[in-house]
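Peer 1: Letter by letter, the chains look like this.
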Amino acid sequence: MLIVMCLAIPAKVISLKEDKAQVDFGEGVLREVNVTLVNAKVGDYVLVHAGYAIQVVEKKEALETIQLWNEILQAEPEVNI
Amino acid sequence: MKFFKQNLKSTSKKDKVECEMVEKLRFRDPKLAKRLAEKIHGIAPKDTVKICHVCGTHEWTITHFGLRNLLPANVEVIAGPGCPVCVTPASEIDEAVQLALKGVVITCFGDVLRVPGSEMSLLDAKAKGADVRIVYGVGDAVKMAEKELKKEFVFLAIGFETTAPSTAVEILNKPPENFSFLVSHRVIPPAMKLLAEMKDLNLNGFIAPGHVSTIIGLQPYEIFPKAYGMPTVVAGFEPIDVLFGVYMILKQLKKDKPRLENEYARVVRWEGNTKAQELMQKVFNVVDGGWRGLGTILSSKFTLKKEYAAYDAHLKHEVKVEHGVDIQHGCRCHQVIIGKIKPTACPLFMKACTPQKPVGACMVGIEGTCRIWAKAT
Ligand code: SF4
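Line by line, the protein sequences are chains A and B.
Position 63 of the first sequence, counted from 1, bears residue number 62 in numbering that gives the first Met the number 0, the numbering being contiguous throughout.
Position 206 of the second sequence, counted from 1, bears residue number 205 in numbering that gives the first Met the number 0, the numbering being contiguous throughout.
Same shape as in the complex, but just chain A (with noise of 0.2 Å):
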């Protein structure tokens, strides 16, 4: 794995026990980080970093992202004043 200081990578949590979580990069390897910074669930995505989870990705919060940026594409096109 990339050991890149900023870049925080989202993982699924697979398990929980206590302050470490196995989570999957989606590599389906498995690995073990710490989320005492967060309240995760099984079946979370989480953004790691440095091998601690920092947030849970909201997946309402992608879609809804996902939907503004369609709908600012299908507005009338800008035009310069």
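By construction, these hints were calculated from the structure, which means they are not laboratory data.
Among the clues, some could well be false.
Selected chain B positions facing chain A (in silico; Cβ < 7 Å) [unchecked claim]: (1) 135; (2) 161; (3) 256; (4) 275.
When the alpha-carbon atoms are kept at most 25 Å apart in a straight line, the in silico DMTMM-like pairs for lysine to aspartate or glutamate are as follows [to be verified]: (5) 274(B) / 70(A); (6) 19(A) / 176(B); (7) 58(A) / 270(B); (8) 40(A) / 176(B); (9) 142(B) / 31(A); (10) 58(A) / 70(A); (11) 30(B) / 63(A); (12) 173(B) / 199(B).
Built from N, CA and C at the ideal position, the CB exists for glycine as well.
Let chain A serve as the given structure and place chain B with the ligand on it in line with the hints.
Peer 2: Structure of chain B with the ligand alone, referenced to chain A:
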């Protein structure tokens, strides 16, 4: 959009394909990027616009996906001091080198190894026989120390607010007695303030760093639209995220209504990660700190509170380097780091200074602007 469906039982091949599909279709969709670029061209003012981001990962996305080529010539996106290892002053590397040469095991992120100190890097110290170990996170370093109780371990804690909470977690978990920290964490908003106040830089807007913001939330950026009239948008790291950030800033400029907006709502909440903030407040004080190439920035550095002095490697191992050589002869990192010049304007770029033989800190870490540009050229 099944990728986001709740409670997926297993990550099958299908999920993986869906995950990749969503990324490709949306966050990385070239057609969407093109359409967005057209919108940006339509809305861009005639005058020069200078937008600054402060995250190495943003620079990576912009350079890797060639986003600058999609923007109008007068819309410039420049890289600010968003690479943690680049802004770590030489004196703090020197302290770690001194300890390493004294026989202390130094643990650090991979990016830190080649960062030049005044005279040598940790990699040079390792070549001289010092025990310097790369870890993925501070937790791994603590585990190493637990297994080798006879040796003294120090973790060189570099990074912004994204990384600082992990240091706080491990300190509060009470690491073993043979473990201590050289806390070198920096705080981003004061550096942005410095940039906003640099008259000759003439910035028109900020793309605020997405992952720092997951921790600190939006409130610390309010000052930029309010006091400096600068549109500020927190953005994610996919190409479409960054382009949208640019679009939102241009839109604000057009309306002449600078505000604070959040493009990265899927992980950044207004209040940030309050648990992380609480833990950081417990263990750290905020003090003035030196940034490589930028000088001292007020209230921009974390140090350990008195209660945790036992874990402070400065006190435990009596090491303190006041001044170091931050900029090696001929290196122009101090100008690259505020986006004043492009790496290609440095006479040493890809000549005397390459990723294999870096002269300055900006050529070392994968978030360093020179290093990112080196890969792209
Ligand atoms: S190319 Fe090398 S020497 Fe030039 S500014 Fe970048 S890091 Fe410094």
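Peer 1: Given the hinted pair residue 19(A) and residue 176(B), is their alpha-carbon gap at most 25 Å?
Peer 2: Distance of about 23 Å is within 25 Å: holds.
Peer 1: Does residue 256(B) hold up as a contact with chain A if the rule is Cβ-Cβ below 7 Å?
Peer 2: Since chain A brings no Cβ nearer than about 15 Å to residue 256(B), farther than 7 Å, the hint is violated.
Peer 1: Check whether the Cα positions of residue 142(B) and residue 31(A) lie no farther apart than 25 Å.
Peer 2: At roughly 13 Å apart (the allowed maximum being 25 Å), residue 31(A) and residue 142(B) satisfy the hint.
Peer 1: When the nearest CB of chain A is found for residue 275(B), is that gap smaller than 7 Å?
Peer 2: Holds - the Cβ of residue 275(B) comes within 7 Å of chain A, reaching about 5 Å at its closest.
Peer 1: Tell me if the interface restraint on residue 161(B) is satisfied: Cβ within less than 7 Å of some Cβ in chain A.
Peer 2: For residue 161(B), the interface hint holds, since the closest Cβ of chain A sits about 5 Å away, which is under 7 Å.
Peer 1: Keeping to a limit of 25 Å between CA atoms, is the pair of residue 58(A) and residue 70(A) held or broken?
Peer 2: holds (18 Å)
Peer 1: Could you check if residue 135(B) really has its C-beta closer than 7 Å to a C-beta on chain A?
Peer 2: holds (5 Å)
Peer 1: Starting from residue 58(A), check that the Cα of residue 270(B) is at most 25 Å away, please.
Peer 2: Roughly 18 Å between the alpha carbons, so the hint for residue 58(A) and residue 270(B) holds.
Peer 1: With a cut-off of 25 Å on the C-alpha distance, tell me whether residue 30(B) and residue 63(A) pass.
Peer 2: Since the Cα atoms of residue 30(B) and residue 63(A) sit roughly 19 Å apart, the hinted pair holds (cutoff 25 Å).
Peer 1: Hey, residue 274(B) versus residue 70(A), does the alpha-carbon distance stay inside 25 Å?
Peer 2: violated (34 Å)
Peer 1: Decide if the proposed pair is consistent with the structure: residue 173(B) and residue 199(B), CA atoms, cutoff 25 Å inclusive.
Peer 2: At roughly 47 Å apart (the allowed maximum being 25 Å), residue 199(B) and residue 173(B) break the hint.
Peer 1: Can you confirm whether the C-alpha distance between residue 40(A) and residue 176(B) stays at or below 25 Å?
Peer 2: violated (33 Å)
Comparing the model with each numbered hint stated earlier shows that hints 3, 5, 8, 12 do not hold.
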